[in-house]
Structure formats: C-alpha cells, structure tokens
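Please work from the sequences and hints to get the whole structure.
From first to last, the protein sequence lines stand for chains X and E. Counting with the working numbering, you get residues 1 to 805 for the letters of the first sequence. Counting with the working numbering, you get residues 806 to 990 for the letters of the second sequence.
These are calculated hints, taken from the structure and not from any lab test. Check each hint, because a few of them may be wrong.
Over 10 Å on every C-beta distance to chain X, these chain E residues come out as not near it, computed from the model [to be verified]:
no.: 1; residue: K827
no.: 2; residue: E874
no.: 3; residue: G890
no.: 4; residue: L984
Sample of chain E residues lacking proximity to chain X, with all beta carbon distances greater than 12 Å (derived) [unchecked claim]:
no.: 5; residue: D823
no.: 6; residue: A826
no.: 7; residue: E838
Only pairs whose alpha carbons sit at most 25 Å apart, straight line, appear in this in silico BS3-like list of lysine-lysine [as the list claims (entries may be wrong)]:
no.: 8; chain 1: E; residue 1: K927; chain 2: X; residue 2: K394
no.: 9; chain 1: X; residue 1: K492; chain 2: X; residue 2: K309
no.: 10; chain 1: X; residue 1: K338; chain 2: E; residue 2: K927
no.: 11; chain 1: E; residue 1: K930; chain 2: X; residue 2: K367
Where a beta carbon is used, it is the ideal one built from N, C-alpha and C, also for glycine.
Given next are the chains, with one letter for each unit.
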Amino acid sequence: MTNHWRDIKNADLILINGANPAEAHPVGFQWFMRAKLDRGAKIIHADPRFTRTSAVADMYLRIRTGSDVAYFGGLINYVLQNNLIHDAYVRNYTNASFIVKDGYSFKDGLFSGYDASKRTYNIATWSYETDSATGFARRDLTLQHPRSVFQLMKQHYSRYTPEMVSSITGIPVADFKKVAELVGQMGKPDKVMTIVYAVGLTHHTTGGQLIRSGAALQLLLGNMGRPGGGMNAERGHANIQGNTDHAISWEILPGYLRIPAPGQKTIADYVAASAPKKSDKNSWNFFGLNYSKFMVSTLKGWFGDAAKKDNEFAFNFIPKPASNASWMSIYDQALKGKMEGLILSGMTAASIGPDSNQVRDALGKLKWLVVMDALPTTSSEFWHAPGVDAASVKTEVFMVPTTHWIEKDGSFVNSGRWSQWKDQVLPPEGQARHDHWILADVFQRVKKLYQSQGGKFPDPVMALTFNYKDATKPELDEIAKEINGKDLTTGKQLASFALLKDDGTTTTGDWIYTGSYTEAGNLMKRRQGVQDPKANDPTGIGFFANWAWSWPLNRRVMYNRASADLDGKPWDATRPGITWDGSKWVGDVPDYPATMDPHDPASWLPFIMNGEGVGRLFSNSMIDGPFPEHYEPVESPVANPLHPANSASPVAFLYDQAAGRPNRFGDAKEFPYIATSYRLTEHEHYVTQHVPHLVQLQPKAFVEIPYELANEKGIKNGEQVRVSSKRGKLEVAALVTKRLGALTVAGQKVYQIGIPIHWGYVGLSADSDPGKGRYWLANALTPFVGDANARTPEFKAFLVNVEKL
Amino acid sequence: MGVAGAGALAASGLGFDDALAKSTQIKQKLRIEGAKELHSVCPYCAVGCSLVAYTRAKSNGTTELLQIEGDPDSPVNEGRLCPKGATAMQLAVSPRRVESPLYRAAGATRWQKMSWDEMLDKIAKNIKSSRDATFVTTDGNGNTVNRTEGIAFAGGAAFSSEEGYFATKLMRGLGLVHLEQQARV
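Following this line, the structure appears as structure tokens:
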C-alpha cells in the first residue's frame, strides 16, 4: 500500500477492484466502513461476484474478470474528455508535460517496436525527446504539444468510450456513466479517492498494467501521496510484504535493488544499468543517486571483510541469472530436468499451481524436495497423492518440522508497510525447530563440506557473514539489527539510509529498513496506540507515529510531498499529509528534504524516487507497453473488441510453447464458461485445512454456479458437478447462486463460474473422507501462463466446462 | 447475558455497569489469573491485527496457552479479529503438528522417522552435490555469473521478516537464482 489500513477512513470515494475485503480482510474493512459511516464516503465495488463487500457498497458492478484495464481506461478517458483532472497536480507533479520521441506509435493493439518472432518489444521509441545540451527530457507545460504524454494519453484512451468499456467489461453503459460521474468529482483538490485491490487484479497476463491503469487514474485526479488516497494492495499473507521487501524474489536484492545481470562487471556497470536516471533539472533522483551506496552497504553487510574496494565489494559473489527464475520458471526447469532440488517453506507448490497436475509432474522430476512446515502439506505428501503410484516417484522427500509464528519473535509487516514486532509466546512444540535455525545449521554443514572436500566456487559460502552469538542459532533480534545496518567506524546503529556510504564504511541488510533498529532500540516494538488517541494521534488523521515502525523512515503515506501544493499547503487542509510551516515540513515524515523551501526555484520535484521527479503516466518500465492497454486473458470466449487481431497480450511468456511441450490452453468451443478463483473468509492458503473450527465453517469443496446457468443445465443446489479445463477437473458440489450471473460481452452472453481454492488431499476435510480423491485441487484447472512483466500466473481468468454428474 | 443473568441484575438493584464489572472481574480471575501477557500479530492475512496472548507456566515445566484475543490498543484492529484470527489458538496448539523429521526415500511408499542430525546432514549433502553439479561460473558470452541453476527456494510469507531476510542472504550466498515467495502466487 502507498497508504495504510487506518488511512482508508480518510477517503471520500473508495474503488474496490479485484478484491473482496469484507471477506478476505474483514478487520481491515472496518476502515472502509468508517469512511462510509463517518464521512459519507461512497464505495464502488467492481467484481465478478456479488460478495459481502458488494452488499455494503453504494454501487456494485458485475465486471468480467480481467477486464479492469478497460474500466480504469474508460474512467481515464472520461476525466480527460471532460477536463475533470486535477490540473495543477497533473501539470506539475506528473510527466504529462514530457515530450515523447518521434516514432512512438500504437496501432491495432501493438505499440511501436514489436518483434513477432520473439514476442517482445524493442522499447527504444518509448522514451522522451531530450535536449541535446542538458540531456534532460523536453517538456511543454501547456500540455498542447502533440507528442506530450498528455496528448498521447488522451488519444490512447479516446477509444475507451462508455460503450467500448461496456462491451469489454459487461458493465451496462448507464452504470458505468454513474461511476464516471462520481469518480469525476475526485479531481477537486478538496476531494480524495482511494483504489484498493488484491490478487484479483494481479493474477492476470495483464496484471501489472491493470494496476498501472488505476495508478494513472489516481495521478490524473491528484490522489497519489495524499491521506485517503493512493493505490492500496491488500496482501494475503501475514508477512508477504516483509519478505518481498527482503527480496525472497528472483529479480531483486533487499530493498528492491535489481539483481545484477550477466555482463555487469563492476558496481558502476550495475548502477548504470539499474538505477533511475535524472531526466529533469529539478529532479532529485534520490534512488538513482544513492543506488551504489545501498548496494555496496548490502554487499559489505553480507560479505564483511571479503567485500573490499579493490574487488568491487565482492560484486562477483552475487549470482547473475540468465533469464526469468520466478515461480513458474522453477517448475518449467524441473519439467526440463534441469532443476535438481527444491526447498519449500510454508508454501505448497502442489496446491498453488498453476496447473497443479503439471506442477505435480515437475515435483516428481526433482532429485530432492525439502518441505519445511509445521503441518503436512499437499507438497510434502504429493508422492502418495490420490492417483499417484508412489513407487514410481523417484524424488527424495524431506519433511522438516518447523515452529509456528507464535513460537518465535520477530516482525510481521502488514499491507500498510507497518513492521510490528511480536513476542515469542510459546516454546517450540515437540521437536519443531525455527526455520532460520534449520537454514543456519544446514548452511554451516554445507560450509564444512566445502572446507573438507572443496567444490565449485566456495568463496561466497565461506565469506558470508555470521556475526551471531551462535552460528547455528541466530537470534531474530541480532538479525533485525543487521538488517538496519551500522556505521563500521563508530560501531553504532544507523538512524537513516541517508547515512549509508559506498566506500565500505557502512553496512545494511535492507536499506529501506534502516532506521527501524537504531541506537534508540527496536522501534518495531513501539506500542503507543489507541489507548490514548489524543497523545498518540494528535491530528486524528491516523498516523500513530509511535505504534510499531513503517518503512521507509516511519513514513505513513508514501510520496507525501504530493499531498501539498506548490507552496507547500495541503491540497485539503482537513486532511494534511505534510505542510510547509515556513522553515520546515511538518506532519507525516516528509518524503522530501525536511527543510527544503518549496518556493526555492531549485527545489526538488515531488516524486524523489523517480528519475523524472514526477509521477509517470507514460513509462518504459514495463515490457508490455508505456500505457496500459486491455488485452484478453489467454483463454477467453471473445476476441478483443479493441483489436481482434491482437487479442491477448502479445508478450506474455508461453512456457509450454517455448519448451516444446503440448498445448495446454483450451478454447471456448470445448470450454465455454469463464472461471475465476478466490479465497473464503475462513481460508488461508493452505494451513487452515488443519484448523477444526474453520473446517467446520467450510467443511467441503464447492464451486459457485450462476442460477441461470444452473437452470439451463438442470443443476440443483448441492448436486455434484464436474468442472473441467484443458488441464484438469474438479468433481465437487455446486452452490447455485444469484451472486453470479450472465454478462453481455462483445455482444455475446457469457457466464462466470466461481471457484474457491483451498481444499485438497491433505487436511481435516480430506481425512474425514476415506476416498481422499474426492478432494481435488482447484488449481488443477488454472493455466500455466502469467503476467508479461511479473509472471504472476493467470489464476483469475480461464475457461472451463461444467457438467452435471 | 441470558434471562437468568438479567433477572439477577434486576433483583440485585445494582446498575448494569457495576454488575458487569464484577462478573468480568470474577471471570478474568478464573481465566487469566497469574497469566503472563504477551503480544503477537495474527498469522493469517496482512491486515496485521495485533493479538494479546496469555500463557501460564505449568508445574511440569511446560507453558500453557490460555487465550488469544485482539489487542485493543492497536490502531489497525482496535481489538477486533475475524473468524481466522479468533481461532488462532487452534493453529497455535494442534495435535496435527509434524512430530519429528520424516524422510521418504526415492520410490519408497512410506515415511520413515529420522534424527535431526541425519536429516540436516543429508540435506546439506544434497545441496552441495546439486550446487556443484549445476553451478555456472562463466556463461556462454564469457561473463562471470557464479550462479547455482539447479536448486530453488520458495517460501516465507509465514516467516518473521528477519527469517525471510536471513533466507535471502543464505540462498544468494549459495548462488541461487530461483528464489520465490507468495507475492506472485
């Protein structure tokens, strides 16, 4: 989230897309309701299903899954055509005025630079026209230049008329116009809208662009950086945010530094290829300027004395991937016989999929699989799953019992970036051990093997720092201090990442957490909350600055310089983010130099992390286009109404095709219904299979079938149905419901089927049925394809057939 | 409060607040007398609801978890919990836990128990062997890449942040490029 949970109470209008917070994040949803009840805020819920979120929304829109770019694109078009944008914000705080190079184009669904044989774009034309003297981008603050981002954007979205939006999304034109009118009010400086989303937006081949389309709308309305505004992702697991920040992710190092690429030999090469570049004289380019400091301090933290100036701080110790190495790539490599071992911790590949049957085959091609978990999972048990001949599975499997969250301390970071420390409440149960102790112990054993036997490039294994009292049992408190980082000259904990250096005299584990554990102690433990709201939240805006700690630097709303106008006055005095008081910025922790006078002609632009210094309506940071464009899901019953010849994403990576495996995508003739998947309130993937009260509340697998379709097929509520895709099937009970219904898309009537994911062959439900085979994995249906940029699987839009059994 | 309770209130002539305070006092005395109060965070979704957990040391040296409830001081949840958070005790203390390290050999049809020492040794040997077998020092273009191609690590959404950071550090130290957690899935 750019903002945080409690901040949602500050909004005037709440758009919820690809999310169902009333059921999936029920306690966070209280802040949506506070906005509605206390401020009279309106809630608009666009979702394939009518859920409990829809029930309290002011408007519910039945939308076709995966079509939200058209929805946001239509809103972008509406505010541009009717001049409802926040003019001063757009002119000064976004790249609307930047001039794009001659040669950029968009025709028939393809941006300039497309190479059909490689399914990739050459993005050379997706950049700014620069001034030859300064190298900076040319700007036209009148926004009239035909190649200004503003004019190109206006042109791009002019195709997204209410009628076109309706044809793509299935939302009736009249309903869409009502939404557009409400959204159109939100460009006024004293109004603010938030957009809240979850994996219903990300789990598409266009997932990244779905979010960008919402963010672009927010920039046009001047709602980024403001209390009550922003783009707010509701994350699904307790610490998915913290462990994304800490880079358990192939493409990054801690703090969103890019993983180095082959060919980069020095820190300078790496920074030149990775860091943002200053493209305006008033851009601070803070991230770009400091990139080498963050990287060198990380290398120094990891490799200690082995990281020296004369060896580029051990830059060659960091692995440089050849190609994408994300979730699906792991199983793709296993299917090719190139992956020998997999360590899964609190994560079950078999249930997650996508295409669980193919993933199960992949697990069977590994030499070894380590499952670290407190409870059995569908992955630890995959080798004797229903229908599998255990003797034929040659994978060696280790089930390593770990402790639960309550048996260890450490922090969890919530969706709003609040890092909250927890106590160790219980000692480890039985023989269970902490995950980090298991990893530390294994690592020390590997190190000993290299010491005694030698082997491939042992240097990083030998050099990795273990500055803990016990190398096999590091304390999380010790690691938290390491993450913060210190000054090696004084030995003191650092108070800010602004103090990091690239000369080897400072360390950090994750620069965005520098400031979380200072000489003042562990700030994530702070507990000054609602027991005394007057003292702890004096403005009532909800920052609670001394409750826990949020990154970066305890800032509660990111990009908050944009919450104030050019003079430093809040756009809305009743909801200030930061305010210039004549000598300094007050309010939230400023995302800006604390004493920089906004009236100084040399003062920085507001978005200090970008090279441009402003929010990007047009960007070359995505591989599938500088403006979000609607593409159909890979499996869709209709051709794209905008450009039928280029219907689906032209650059989504097709794993099976690239590997020469048979096609696993179905078509609408065989599989006529759209399906989407989701979580129920009682479910968390997939540990709640073991919690008795929750299993009692949701005892058995089911799918949701629209009432009209059930009537057509003679399916009664509770009857068994088979739902099948090209890849697999489920045979479960039908829940016949009016919460789902027919849509008219591209002139055709289409139905959407709802599939809760959770059940499987492991857990209390499965144990209650001796023929465990009835408990199918929902992700057996989902396609092995993902977002063009992030490779996030397209879990939320695919084709199925439904048959009565 | 049931009908009998309401009747008792009326008969006592006490105000409702006083009676409630008294009954609460009695109830709390029974339930968390001598308990240790600790703070945790809900293990499920990422709203980040704060929890208060009460434990008591037992005479046999074990610790009993008495109660988990929403932390009223939290600006996030203000004491509230959803059905998952409210049943967190059943996740914390479960008869379904894996009791000891279990090993399943290639082609075997059942698990066998294994000591921690043997299991960690076997895993370490596998990691070294796969690392050595699939390590690429220099790629086809002559670039130093120092990567382990044949081992993947995935997980972490249930880790404390510090464990997650530690996992990243160790896996990158081993040269892994296939590193993943729940953000994408």
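*Enumerated hints in conflict with the structure, sorted upward*: Violated: hints 3 and 4.
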